[in-house]
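Sequences listed follow chains A and B, in order. All residue numbers for the first sequence refer to this note's numbering, where the first residue is 1 and numbers rise by one. All residue numbers for the second sequence refer to this note's numbering, where the first residue is 1 and numbers rise by one.
The calculated DSSO-like cross-link candidates involving lysine-lysine, where the alpha carbons are at most 27 Å apart (straight line), are:
1) B:Lys195 / B:Lys325
2) B:Lys325 / B:Lys409
3) A:Lys248 / B:Lys794
4) A:Lys28 / A:Lys153
5) B:Lys400 / B:Lys794
6) B:Lys793 / A:Lys244
7) B:Lys794 / A:Lys244
8) B:Lys438 / B:Lys409
9) A:Lys248 / B:Lys793
10) B:Lys394 / B:Lys325
11) B:Lys325 / B:Lys154
12) A:Lys12 / A:Lys41
Treat the hints as calculated values from the structure; they're not laboratory data.
If you want the building blocks of each chain, they are given just below.
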Amino acid sequence: MNPAGFDYYRAKSVDEAHRLLKAHPGAKLLAGGHSLIPLMKLRLSRPPAVVDIGKVAELSGITLKGDTLRIGALTTHAELSSSADVRKAAPALAEAAAMVGDQAVRNRGTIGGNVAHADPASDLPTVLVAADARLVAIGPSGERTIEAGKFFKGLMETALTEDEVLTTVLVPAVKAGEGTAYAKFSHPASRYAVIGAAASVTVRDGTCQSARVAVGGLVPRATRASSVESALSGQKLSAESIEKAAEKVGGDLGGDVLGDIYASADYRRAMAAVFVRRAIAAAADRAR
Amino acid sequence: MTTAMKPSASATSSRVFGSGIRRREDPRLVTGTARYTDDITLPGMVHAAILRSPHAHAKIRKIDTARAQSAPGVVGVYTARDIEGHLKPIPCLWLVPNTDLKIGTYSALATEYVRYVGDAVAVAVAETPYQAYDALDLIDVDYEVLPAVIDPQKSAQSDAPRVHGEFPSNQAFHWTVTGGSDIEAAFKSAEVVVKDRIIQQRLIPTAMETRSAVAQFVPATGELTLWNTTQNPHIVRFACSVVTGIPEDRLRVIAPEVGGGFGSKIAQYPGEFLAVFCSKKLGRPVKWTESRSENYQATTHGRDHVQEVELAATRDGRITGLRCKVWAGMGAYLSTAAPGIPTILHGLMLSGPYRIPAVHEDVYGVYTNTTPVEAYRGAGRPEATYMLERLIDKLARELKLDPVDVRRKNLIPPFNDGFDVVTGLKYDSGNYEGALAKALDQVNYKALRAEQARLREQGTYLGIGVSTYVEICGLGPSQVAGAVGFQGGLWESAIVRFHPTGKVNVFIGASPHGQGEETTFAQIVADEVGVAVDDVKVVHGDTDVTPMGWGTYGSRTTAVGGAALAVATRKIKEKAKALAAHLLEAAPEDIEYASGRFSVKGSPDHFKTIQDIALLANVAWNLPAGMEAGLEATTFYDPPNFSFPFGAHIAVVEVEAETGRTVLKRYVAVDDCGPQINPIIVEGQVHGGVVQGIGQALWEECVYDENGQLLTGSLTDYAIPRADVLPDIEVLSTVTPSPHHPLGVKGIGEAGTIASTAAVYNAVIDALAPLGVTGLQMPLTPERVWRAIQEQKKGARR
Chain A
1 MNPAGFDYYR AKSVDEAHRL LKAHPGAKLL AGGHSLIPLM KLRLSRPPAV
51 VDIGKVAELS GITLKGDTLR IGALTTHAEL SSSADVRKAA PALAEAAAMV
101 GDQAVRNRGT IGGNVAHADP ASDLPTVLVA ADARLVAIGP SGERTIEAGK
151 FFKGLMETAL TEDEVLTTVL VPAVKAGEGT AYAKFSHPAS RYAVIGAAAS
201 VTVRDGTCQS ARVAVGGLVP RATRASSVES ALSGQKLSAE SIEKAAEKVG
251 GDLGGDVLGD IYASADYRRA MAAVFVRRAI AAAADRAR
Chain B
1 MTTAMKPSAS ATSSRVFGSG IRRREDPRLV TGTARYTDDI TLPGMVHAAI
51 LRSPHAHAKI RKIDTARAQS APGVVGVYTA RDIEGHLKPI PCLWLVPNTD
101 LKIGTYSALA TEYVRYVGDA VAVAVAETPY QAYDALDLID VDYEVLPAVI
151 DPQKSAQSDA PRVHGEFPSN QAFHWTVTGG SDIEAAFKSA EVVVKDRIIQ
201 QRLIPTAMET RSAVAQFVPA TGELTLWNTT QNPHIVRFAC SVVTGIPEDR
251 LRVIAPEVGG GFGSKIAQYP GEFLAVFCSK KLGRPVKWTE SRSENYQATT
301 HGRDHVQEVE LAATRDGRIT GLRCKVWAGM GAYLSTAAPG IPTILHGLML
351 SGPYRIPAVH EDVYGVYTNT TPVEAYRGAG RPEATYMLER LIDKLARELK
401 LDPVDVRRKN LIPPFNDGFD VVTGLKYDSG NYEGALAKAL DQVNYKALRA
451 EQARLREQGT YLGIGVSTYV EICGLGPSQV AGAVGFQGGL WESAIVRFHP
501 TGKVNVFIGA SPHGQGEETT FAQIVADEVG VAVDDVKVVH GDTDVTPMGW
551 GTYGSRTTAV GGAALAVATR KIKEKAKALA AHLLEAAPED IEYASGRFSV
601 KGSPDHFKTI QDIALLANVA WNLPAGMEAG LEATTFYDPP NFSFPFGAHI
651 AVVEVEAETG RTVLKRYVAV DDCGPQINPI IVEGQVHGGV VQGIGQALWE
701 ECVYDENGQL LTGSLTDYAI PRADVLPDIE VLSTVTPSPH HPLGVKGIGE
751 AGTIASTAAV YNAVIDALAP LGVTGLQMPL TPERVWRAIQ EQKKGARR
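So that you can see chain B by itself, here it is in the shape it has in the complex (with noise of 0.2 Å):
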């Protein structure tokens, strides 16, 4: 079996593909040095500050904004009426077709109604950012407050009240997913059939830097600049221009340092327009920046599903068919990205990595009186894993089988160039059985289940939960992007520029936020042409200077824009192969590459370096005829399809049933990214996205109260997950190469979190099974887990 087909790119050590240099970002993050949008101070610039709804429905009868305007530093106070002409809806950018899509005006200020809590109401612009708070306060706002739906289920409901009066329901959308032979007839003639309700409850994405953004509007030039918190500078431009009429040639965006995002910063909000607007209307420079609670309030969430799954199979544990209802909460907008979440990055990954001959899924897209949703780390595709490996330890309950035995019967054998896959996907490349194969040696798992068997008669309740994952990055060949109703391409693009020292610039139109490919994507140039690490510099997130590219989520940068760099380098080889052949007098194709040199076959002292030709290259005394002079090359990367990362995870927990506490024991994580550029970095990433998959598990719950408002409101209510609660993950990897990625590379940004949730819910029910507990709701609370394990108690007396 090809359990670890290592790539020619880590054939050897020396190598700085595949080294685990230490990041270069690092340094000016923890020495308090880096500048975020929020550090940007401009001469003369005011400050906003935004007016939210306190109710989750409501008309607006009146809005008097006299006494703000008249308060100490006040320089201006907008309402919806202010920006009408001004400011056109914020767009809705994937819309996904064949779906009946019905998008709700989506406006900077709310003009009739508010739609949630925190929905803008009116924006007050001051001389410090004191006096615009002052400011909010003295705005008085009547409010005629209505009915609100928070829970999607019931928004769907014919009598639920309307989030947006004009259509008939608060269905934004209907998509599903048929895929393989008849499901009815898969379901009939099943020999068992498990079903399960699941939420998939609502996250809050919490990166550690709030949103922000300083707009400084020049008017003798009529051109923008906007310092943004975003993962998408050239999509905001994108989107801004549309929303504010400013040409995009007139228009530049730059992401600072940007403090993560989680799919959060994709989005394109009120409070960026808001400030462009002001800066334009005042003509100086303004800032926003939210505060935790507003970003609580107003900042997208993630997941917010109810889930109606049902799995049919033989009794000997092979899965027949999949069937599925999802009520997905979109929010009281349709935010930049959201219809595409449940959608493509759900229901297209249904069947995950299992055989599985019958799929369907109804997916209905409902409006709620709550925060937008939108990609949260994972985006769609952690709602799928979850759903799926819930059911199959479900169905190994039911048939009394082990369910690592129900995977294993059921998962896709090896390939290495392409897997239809039942819901029209063409996966890439995997080994499954060889991740599982891993992570179940690395937990001992025959001996771990015999453990568990002794501790019971303990009464100690420890429990092993397996999950079993593929997911979908590296968005992705344009064509399918279109196809798929996203309004713009997924392609990426990088310049390598030499200069004439032989130093390099890199450009890149991906815009990293914490992930590191300032480090990565100097190992890739650094590799491809041997240059030192050290001499090449990484420029991103700026929209003058960058080329154009889509942006940084889905696990895309090093899949997509990685691409990029790696067949801009390879250009570069190319015409320094050339450029070494006439000055060295051979013919081209008797050059040799080795380590940075360009050598003629057979002779190796007569060479050049990639230090010379870049000199030679960028003075051009000497240049073979035709050839320009310089030492830079551009590409447009468009895949021709998209990355699958898959792995196994395995929990172990201990459930203390007198309190309901659990306590993660340990965290064996396998993943497959294909090859490695740096496996320290690919340990960071597995490390996070383990941590936010485990919180959704165990902690994460935003909750809102019957009238819409937000109780988890700041981090004193929100349980993020903290160092001292989690175990050393172990973290492991097999490399299955993509065949169609020219480095062979994969993505592994979500992956943790993708997997992770599924193994620790898992590892709960399997520690509860003793005392009769067979399913809950995330998360897995001391009190639920309590609560269930009496009701069993009580279940049993009786």
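Pulled out of the complex, with its shape left as it was, chain A reads as follows (with noise of 0.2 Å):
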């Protein structure tokens, strides 16, 4: 697979990304290179040029202060799903880490490239969204943050404007009381997303307080299901009222589900509360 030619730069700093993106018009980020290399080969992708930000020190490290867990974009799926900090804060998006693509992707990947890449069969961004996660970009004229919500715009399209380079994800920690969990479909070739869910859920005395569901996948951006979050808040949790509030979802996934060879439109969305049932009752198990 040779992809077509392009120049090859390497930034030290985020402040020399920026310099190089405005040198190289149509130039492109690389971080893991799992999700933009692939596209090069397949000479789907063909940058003029490439600003390797893989050795940008201040992109790097997760730490947990206070109620905030701070990822460096160029966490890989391995550093997330491995990490103590990760595991405890955010135990959905650890659990998500590890079930994304392979162990080779999962050592090269970034989380910074996924969320930047926004495949709408991705983990993180569901998991993301679901958690209240912002994220952080830092253009020429300065830091902006962005709610993942609004950042995840549609089919590969994100908040990110041409010279933004997205630097850091906010998490903030699992509360008292709160449970996440994420449950997947995945693709038994490419491993991505069939149907993503993902779950927060705060219960007390048996009772849910409040609910953050997200689904992805099956839909063209990472979308919180906003009727089946409403039908869980105040219900004591069973099976029977998280299986009637996951049935729900259908109405959250909007007119644009995603199909293809393997799983059609239809049977996605007839699964969707099959998986966001699944993802619930794991966090609301973990809430305990």
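The task is to assemble the complex, starting from two chains supplied on their own in separate frames and drawing on the hints.
Rendered as structure tokens:
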């Protein structure tokens, strides 16, 4: 597999990345390379230049301070899934990261690259939307923070501008009484999500105080399932009440349910409730 | 009953034959030091890339290569016009007789028409592979797109678009087999008939190494060396000579490390011949290596049958007749061995391990606008086994009998020395009931059925699937090869050469590419003449070095090549005996052999070792009158019959009704390949085979859209099995030696694939029985299973 010709630059800092992006219109940022390089090899993407930010120190590291987990954009899926801080403060994120691709992909692919690529079948965006995460991007004119729910705009489309570099993912740590989980229907070949469901449930005395539920894989962008959320809150949690709430997800999917030769849109629509139910049940279980 | 007739070969545990020593191939493979074709770099080498048709069927109006010719680094761009007179069409080498075979011209570069997405249109050669691929973007081809046909059964209809305009229809051949009593009468008098329409979906072999060739033509000598990923370098040399006109004696084919083939590297392809053409044209070495996308588009596929089958039986479950029609998709061109696969390797195995008094099959080989179809692990036999095993389960359901009982009622009883089969074959030896009994024991079948019933009451759908099979391998007697139109022999050869120090080189004509014969063949020699396994090096894959052989496919390398090696080694032993007698001043009949020593009867201290003999034979200071110097033997072994491994597999699955997902709970394989030279290698072959067969049942399907675009064009869409979705495979065996093989061995490369697809399919359908689902097409994806369950629910509500 031979990509078309391109120029390669390595940035040592975010500032340098900005300069290189400006100097080379159409250039693409390269982190772990697991989304961009396959596209380039297939010649579906032909950027004139690639700016490698893989060695930018300020983009790496995981820290848990107070009630916020700060995850550097270069954090790999393998690091996410094995980090004690992530497992403690964002269990669903660690769980989802362990389900991305295969071990080789998890060792190289990064959270920043994954999120910026915004493949609808990715796992992490769904979890981040359900977690009410925020994404920090630095552009030439400064830094801004974007809510995950507003970051994902559509099929491989985000709120990032051409000249912005995604630097950090901020995830609120789970609170007392809160449980989070991710349930996935994997494509047997790509291991992308045919359906991904993430849930965060806060429970007191067996009653759901609040819930955040998101689905991915079958919709163009990770999407909050608000009908499911409102059906859950205030409810005594039981297998029946969870199933009933999960069945509302059909109303949250919108008109653009995705399908392919492996799993049609109709089938995915029918399966969404199953995986939403499983995610909620697992999250509720952890909340206890 | 002679369930486990242990051969003399495994009588003592200290023997090298039968010991599970580690594969000597593995250190270089797992450390990344093995050298594949693409690792070969020669001074002055340039790189070729092939422009492939984006259309399944089109007329080429015009090709303009001017822009590509002048692109940076490009040294040549060639189209069909350039190869005319230099490359003859690629020959089909299995001309099955009495079939009205029609061979569409298979040119290395498309002339007037392209016939599948991936058909080669032009080749660009440049200093770097990147420049060669860049040049492809600059070749302008004006296509007139034509209607395409994909489905084999539709392609056989008279109004289908014609793949090869020169023929009256898309039918490439029509082959029939009829055996036993009158088939019409069998169905007329049948107490019960079950019918099925089966799609044997198209599969993509997916060898780990994609195809590659390096051609080095030396103008000064007129000699060509071709490094090539192939299963059969000697056939490549022969075919390459025919296509390129380079005489065979000046043509050397080397198969370096080959990263799997599964049948896809039997065939002859445009890529290799184009590399040769470009090297001749440019006077420089040329490398061509396909990408995975190209591999999926243009390296051969497997299976692709539509089968209409019916089984006649008595109400107590005795099969009285089997009749079927098969439309076998051949793709756009007849690949090297393609016509033989749905016919000889499929139709002649129609009756499987059962006594079926009457059989009849019509096979229609049809052209379609798709990638050519060739052998894929099992080649023809999985298509036969699956058909029969699926039908037998259907019959059992119809008669409300246990599927195991139906099998038992029909299995051929144990035999040690030949059983004449209704299709004309003679199975060599078999104990089908023995293998089945062992598999049933392993799963504790009765208890498992009780467990299944218990779980069903709780809404858990466990399924148990059984598959009993016999397969044909060890291809084969050359006389039969000739009679069935194979354009070559099917013998194998071996040279055993003892060096003065007692170390041994073995040269074989076969061409292992992952099967482990560098280890097992050393074990054969070590076992026969008492040298250490590590003192034997096995050399293969170089036509200038090894004797002629027909290659590694059809589980034939040990079954035929191993026999050649055993015979050659026994010749060495005879000569050693004669020389020992001379040196020990005894009569040859008084020389005894044991563990590498040749001693005089009655005086065991009076001996020569095989190493002594090797030295003395090579220095030749004192040989008996008339004995030639050296210790070397060559054998060309033509087997008297095929070999027929068999076994019984059982799959246990759980189907999750709410999603349709199948989870494999257990997999038991009992295979009988005769005595095992190396049980670890046998186990590895069973594992790989079983997994590929499971892949067909649950995940794999090559899909084209109606225009012939390949929708499963990469590993992100085409699902090959992964370790994390497979259970531990319980590998067991019985041992029934082949009566005609010098070592009794039969072959094990394909057995797993042949048995497992049906076992898993039957298990899933068994699981779905309480939900009313009685049949599905593969692969059994969650959606397919779920939809079938929904249909039944709807029906019940109605």
